[in-house]
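Residue numbers (my numbering), protein chains in the order written: chain A, 906 to 1140; chain B, 120 to 323.
Treat each hint with caution, since some may be false.
[To be verified] Reference listing, derived: stretches of chain A covered by chain B, where coverage requires no fewer than 3 residues with Cβ under 8 angstroms from a Cβ of chain B: (1) 1090-1102; (2) 1107-1113.
[Claimed, not checked] Some chain B residues flagged as far from chain A (calculated, every beta-carbon gap over 10 angstroms): (3) D155; (4) R200; (5) N285.
Since the hints were derived computationally from the structure, they do not count as laboratory data. What you are looking at is a predicted structure, and each value in this text was computed from that prediction instead of being measured. Ideal placement from N, C-alpha and C gives every residue a C-beta, glycine not left out.
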Amino acid sequence: MATLALSACATAPETGINDPHEGFNRRMHAFNKGFDQRIVRPVTSPFKNSDGASTDGALVVLGNVGGNLALPGKVVNSLLQGRPGKAAQNAGRFVVNTTLGLGGIHDPAGQEFGLTEVDTDFGETLHVWGAPEGAYLELPLIGPTTERDAVGKVVDWVIDPLDHVLDDNEARVKTVIRLGSKAGERARFGDTIDSILYGSADSYAQARLLYLQHRRYELGMEGGEIDPYDPYEDQ
Amino acid sequence: MTLTILTKTSSRRGFLGLMAAGASVVAMPAFSLNTDEARALIQQSLNEVYAVINSGQPPAQMYKAFEAIFARYADVDVIARSALGPAARQVSPQQFAAYKQAFQGYIGRKYGARFREFIGSQVQVTDAKPVKSFYVVTSVAKLNGRAPMQVEWHVSDKSGQSKYFNIVIEGVNMLAAERTEIGAMLAANRGDIAALTSALQQAG
């Protein structure tokens, strides 16, 4: 997959929607939707809070710990992007929350020291290095992504510095915590996700549009907006 | 994995929804708009949005309130037309009026349903500037336990009144999202505008 993605990256445009694998992607979308409907949604919906503003305390803790475990990989990526300030911020956050925050259960770094999380990944590193976005992809269990971001995910998985200090059992615990924190997010944003997956006339197209727009915004891609037009000029 | 991506995009989507439903821009006479006015309009609209959010009404009444605000202060005509795409040029004025009415109700319900995420949150207007042929007003939303979100409002007086015609939440823009959605609904109804209109009356 990585090879496929890298080779195709070379020709992808930076604007609009580039989806040459739409047939494959739509089949994957149907699979992901079925997986959500049969497994993820039934498992996570009991944790949904009626006011929609917060979730079960255990899931919040799981989310915090999972987020903390992801920080070392983000530090590496910020360094690879030539952003030492951001790397230092996440490194400081990791140290404070792992110690004072009891392994990331609490967030004193964010609340007391102003060390909020800088979200990044190897997909962003590739963007900073000049790799183009590539085609849009929807992958089984991973969901909406692009060729560049798919390569990024593989690399993130390989370069996670935490794996060098954890033994096999600890690594398994880490994986379980990370999965649990994803489940917590599914519960927390349950209604919103339901409205896209089950309330949209074309949930594939809607998820694709939202992913690409948000991702390009996150990366600060020049001219990456999918802006239909100035509606007043079009009449 | 699946969840991360969907969560990230959909949380923004949820926010978009609320703002779209609740946002209001005070209708002004057809003077040409300036930066301060655009800014004031959005500020005032946000106050009104939050009055509804915090009113504690039952959801059905809130959706009606959001629809009314949307109808009064957003340029529903141009948003509905843009969502319909090229097909808007082929429908009769009566068909368009019925579609627009249904679209407006759909927006009120669909985006109104997301309002719960915003109880206890705050939005601050941070900037306003002319861009191309309209004004972009920037605001920052602070939601409980989440990173601040940037929300952009596109305001124009080209309809003869100062109204907003697009909202962009963390890069996700309402016009593009609704154009995709309405386009898909129209295709599902084999291009029949009357069928689309009745589908919209049920949707959201």
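(Q) Tell me the hint numbers this structure goes against, listed in increasing order. (A) 4 and 5
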